[in-house]
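Residue 14 in my numbering sits at position 13 of the sequence shown, and the numbers go up by one each step.
Think of the hints as simulated: they come from the structure by calculation, not from any bench. One or more hints might be untrue.
[Unchecked claim] DEER-style ranges, computed between Cβ atoms:
(1) 108 to 41: 15 to 23 Å
(2) 112 to 45: 21 to 29 Å
(3) 14 to 92: 16 to 24 Å
(4) 50 to 102: 35 to 43 Å
(5) 121 to 53: 29 to 37 Å
(6) 14 to 42: 16 to 24 Å
(7) 30 to 63: 19 to 27 Å
(8) 65 to 107: 24 to 32 Å
(9) 66 to 91: 16 to 24 Å
(10) 7 to 71: 16 to 24 Å
(11) 14 to 102: 21 to 29 Å
(12) 38 to 107: 48 to 56 Å
(13) 42 to 106: 38 to 46 Å
For glycine and all other residues, C-beta sits at the position ideal for the given N, C-alpha and C.
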Amino acid sequence: MERSTRQRTSIRDAIRDAGRPLGPVEILEAARGAVPALSLATVYRTVRRLAESGEIQAVTLPGESVRYEIAGGTHHHHFQCTACSRVFDVHACPGNLARLAPEGFTVEDHELTLYGRCRECQPARRGAKRGAPGRAGG
2 MERSTRQRTS IRDAIRDAGR PLGPVEILEA ARGAVPALSL ATVYRTVRRL
52 AESGEIQAVT LPGESVRYEI AGGTHHHHFQ CTACSRVFDV HACPGNLARL
102 APEGFTVEDH ELTLYGRCRE CQPARRGAKR GAPGRAGG
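My request is simple: use the sequences and hints to build the entire structure.
Pasting the structure below:
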């Protein structure tokens, strides 16, 4: 029983400490620091149980494998890096999107995912400064 608790704790801690949604392989890599013999099968089994108990929640992006984050946070959205595929939390929301729905429709919820390059995957800029004249901005 202690081993199972240690594994569960290491997996929960890995998700919490990451501060961003993690996929099962990322969870395995992070949790192995505390439990070196941890297996991917144990990660899958444990995240299923943690999700069922409401401790973590699934983050599902179109065309992607499910990732997990700690449940109970505030409403937020996600950013996926197009280079490394990691997903990050975006703690901002454009607000009520009901005005975008067709007339007569009722918006009950929304998900928003931004795509681009994370800080680590930005291309190196030799001699270029942010906001330099002649650069297209976005």
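Now the hints, each set against the structure:
| no. | hint | result |
| --- | --- | --- |
| 1 | 108 to 41: 15 to 23 Å | 38 Å, violated |
| 2 | 112 to 45: 21 to 29 Å | 24 Å, holds |
| 3 | 14 to 92: 16 to 24 Å | 21 Å, holds |
| 4 | 50 to 102: 35 to 43 Å | 37 Å, holds |
| 5 | 121 to 53: 29 to 37 Å | 33 Å, holds |
| 6 | 14 to 42: 16 to 24 Å | 19 Å, holds |
| 7 | 30 to 63: 19 to 27 Å | 25 Å, holds |
| 8 | 65 to 107: 24 to 32 Å | 28 Å, holds |
| 9 | 66 to 91: 16 to 24 Å | 20 Å, holds |
| 10 | 7 to 71: 16 to 24 Å | 19 Å, holds |
| 11 | 14 to 102: 21 to 29 Å | 40 Å, violated |
| 12 | 38 to 107: 48 to 56 Å | 51 Å, holds |
| 13 | 42 to 106: 38 to 46 Å | 43 Å, holds |
Violation of the numbered hints given earlier is confined to hints 1, 11; the remaining hints are satisfied by the structure.
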